[in-house]
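There are 2 protein chains.
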Amino acid sequence: MINFQTSPDRYRHWKLDITGAVATLSMDVSEDDTLMEGYKLKLNSYDLGVDIELADAVQRLRFEHPDVRVVVITSLKPRIFCAGANIYMLGTSSHAFKVNFCKFTNETRCSIEDDSRHSGRRYIAALNGTASGGGYELAIACDEIYLVDDGNSAVSLPEVPLLGVLPGTGGLTRLVDKRKIRRDRADVFSTLAEGLKGKRAKDWGLIDDTFPTSKFQESIDLRVRQIAGTENNKVSGIKLNPIHVEVSSNKLEYKYVCVTFERDQRYANLTVRGPEASSALTIQEIEQAGDSFWPLQAYRELDHALLHLRVNEPEIGLVCLRTVGEVSNVEAIDQALAANRDHWLVREILLNMARVLRRLDLTAKSFFAICEPESCFAGNLLELLLAADRSYMLKDPDRMTAAVMTTELNAGALPMSNGLTRLQSRFLSEPEKVEEILGQSRSFNTEEAENAGLVTFAPDDLDWEDEIRVAIEERTSLSPDALTGMEASLRFAGPETMETKIYGRLTAWQNWIFQRPNAVGEHGALTNYGKPTKAQFDYKRT
Amino acid sequence: MINFQTSPDRYRHWKLDITGAVATLSMDVSEDDTLMEGYKLKLNSYDLGVDIELADAVQRLRFEHPDVRVVVITSLKPRIFCAGANIYMLGTSSHAFKVNFCKFTNETRCSIEDDSRHSGRRYIAALNGTASGGGYELAIACDEIYLVDDGNSAVSLPEVPLLGVLPGTGGLTRLVDKRKIRRDRADVFSTLAEGLKGKRAKDWGLIDDTFPTSKFQESIDLRVRQIAGTENNKVSGIKLNPIHVEVSSNKLEYKYVCVTFERDQRYANLTVRGPEASSALTIQEIEQAGDSFWPLQAYRELDHALLHLRVNEPEIGLVCLRTVGEVSNVEAIDQALAANRDHWLVREILLNMARVLRRLDLTAKSFFAICEPESCFAGNLLELLLAADRSYMLKDPDRMTAAVMTTELNAGALPMSNGLTRLQSRFLSEPEKVEEILGQSRSFNTEEAENAGLVTFAPDDLDWEDEIRVAIEERTSLSPDALTGMEASLRFAGPETMETKIYGRLTAWQNWIFQRPNAVGEHGALTNYGKPTKAQFDYKRT
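The listed protein sequences correspond, in order, to chains G and H.
Here the first sequence stands for residues 234 to 775, numbered as in this note's numbering.
Here the second sequence stands for residues 234 to 775, numbered as in this note's numbering.
One chain only, chain G, in its complex shape:
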């Protein structure tokens, strides 16, 4: 079972040093500390374990070190920044693991860009040596890239020429969409195994500048000081403590999240418990509560559960999303968050909630939301229902009625990867409905929710259990591959962004290539890497 939790005192591959407003995140991969057997992490190459630490460091910077304004990402290995994902690890991994590995590393790089864009931290890639493949893809996720000019060090994307696969962590998309490299130059660069060194790399826009070895550190320091400034605006962070989860064979039990597995039917129930009536509401109470504040703890638990489901539960094809709690408590929490959104901690909490919900959007499982009278699909939790592929809401005149409700947080605080809110995505054909529904800021009972188009189906009490049972049976009987491709197409209507291009276009092509005999067959380039033989291709173009 892969463990997604770590903390700086347990890092084996990164050093996190914080001095005033400057954090330095240094890669120093420990060759033998691999997540799986059968490979060594030479030359600062990485596996999922290395990336889990990087993701943790970025997350902790945001919550534990809010006064950091610049993050320098560099390496402690001489002459090498990072050699990218470990090829032997890729060569020995299953297709499903490769796909999940790339998705997680993509999310980590997007989290760096999210921090830069929304929290204003500036990321500097200080390439003290060669950055190849995923190494350059990590650099290109940063705001600025500086490469040492030592006559040897280069940036490169050797995946196509050496491995017969694509740079799988957004590299191709960021080349032309983020750094806006001319597409013919991107073509040359992406087919040039040895990459480009200092001057040409700068001329082509692949790096921002290059400095000779003797001046490298000093030039980076100068740039860092320019950005960090001198005033030291001391803000205390909050501690992110480990997430506690009780794991048994058919259950994951967190404080606010519970996952139960119906393995013979290949689905799980994921229940989020709403906040208590006594939740923190003022900024002082929120700071005091720290990582036990419901919106932070519940979403950290949800994030952990999603990662667990992706990687450790491949046969679970469907997740039924449920909530339990008081709608009014969720409403109160959302009001508190909206009222304090300019405070750094609330901003980070909201941004984290948004990232977790995007992790859900990008999870290759079907999601059904199930709304019953005890549910609390309000505000931020309504996003779960809107993120689901479909929703079922009980219509029962004899019991207290089920209700859903919007809050201010549904109006833009929790955007999808395509930049739209989930309500906007839902009502692409009737954009005026979004304002109409938000404007009412009241709870909708089942009939009202159905009429407003907020839920898919509203069976009555007599049909309820049968209808859900049949829907689950039908869904889990379908081809998991077809569902993955279908959901990836239907979930992201409307505009595309660099992020959706990375997860949609680039990832889908990479997944295609990751199955092709030319990459993973007996004589494929990925299989063949490091062997004295040459890869053998079927040269038919497809």
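Since the hints were made in silico from the structure, they are not lab data.
One should not assume that every hint holds.
Which copy? The list can't say, so a pair holds if one copy fits it or any two copies do.
Only pairs whose alpha carbons sit at most 30 Å apart, straight line, appear in this in silico DSSO-like list of lysine-lysine [as the list claims (entries may be wrong)]: (1) 628 <-> 413; (2) 435 <-> 628; (3) 432 <-> 628; (4) 413 <-> 432.
Chain G is fixed; fit chain H onto it per the hints.
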């Protein structure tokens, strides 16, 4: 060898009837007239041969019948409109053929939308019976969809539930992006093998209206009359004669296009000959010249050559694009086209050129443009150079210098699928350069073209042959799959449109699924279709 040429008198699957401003295109697939062995085209299911006729019909309407204002697409089979792509054909086809088949059918549907958007012809899908899978995808490419209400007929996308693949002809994207169906409803519809009938299909936005059997024809006729109006604005079209090509083992020789194959090196040279000095220039001369007018004939030949390369020459991985002729002749033609762009024939000629260039953008081969002193990469032919993955331009002070040149046509008449011009795509990071280059409207010699960023490499005479030889050798040695994925990512920087989403996101996922054992393995759903056994899935989600 698959033949892409046909004409209405040779159609075996469609009837084209034209009465005044109304064309009726009726599907009546002949079961036994299949392109390959081993399947029958029952229930108006189609193979590539059927779609070649449809593409031909749409193309001829535009040139031969400019006064048609409404196109009704319907079926002559009772109770069935179209059952989509033939499953047995898909089940017995190679992966590469399936991919090329879907790409061509996608281009045909996009050509319908192109006609509607730019030439104002309105397409009505008159579903006199069930439209399933590709049948509904054909309907959704039309502007309006009407379904008979006979208690039985439905629209459906049964690919996911029945076949374990995706609707491969844009269906999923058009559901949520064109018709803007709510994504949860799209999810339900796309997993419901039997689809939806009249009223619910209308409520959900899948069709525009439904009429009982007894009123169906009359209701369609009424709607058609509303659109067509009564005034009959008689315009004579021009005849599209067959394209003549001499095929020998290593050569395709057209009048203006020549393809030579270097099979042992897996590349081809595709040379376009520029227009003669005596080309038609006034609108009278253009009408007179008809399909022998250079911009129409040369691009029809180019289109034919590209389709041939895709389907009949899979091992050719690289195409070197060359031109021969006088820059000034191309300039004169472009000026004539630009000056007369409001004339229907010139408009159609330009739109066809744009479609052919998009066909090139979407072709899974590498393209290198080679510019020498005898070349004429000007205006519309400069688009070939800009569409290429990279370009080489000879720098030779001792010979008459090579030159490239922009004309008014590079400023928007020939857009890519992403809606940008190729110059805009090239200079995403410096948008002001586009205006600057267009504003100069002069020819650029090699040094100037290099400085302006119009070409990738400008080797001098001494290095020229070696550099190109090595570049070709290197390119054709790489994994063809990795190149396909790389080019699909680098060619379409910037905004995405419904069209790029169909070719990028949806197609890439479909290609992935088309290789998965759950679809095409021994017990896969596609392999298993029509057999008494049930498909067996590996239920791991990826």
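Hint check:
1. 628 <-> 413: between (52 Å within a copy, 27 Å between copies)
2. 435 <-> 628: between (63 Å within a copy, 24 Å between copies)
3. 432 <-> 628: For residue 432 and residue 628, only the inter-copy Cα distance (23 Å) is at most 30 Å; the intra-copy one is 67 Å.
4. 413 <-> 432: Within. Shortest intra-copy distance 18 Å satisfies the 30 Å Cα cut-off; inter-copy 48 Å does not.
Of the numbered hints listed earlier, not one is contradicted by the structure.
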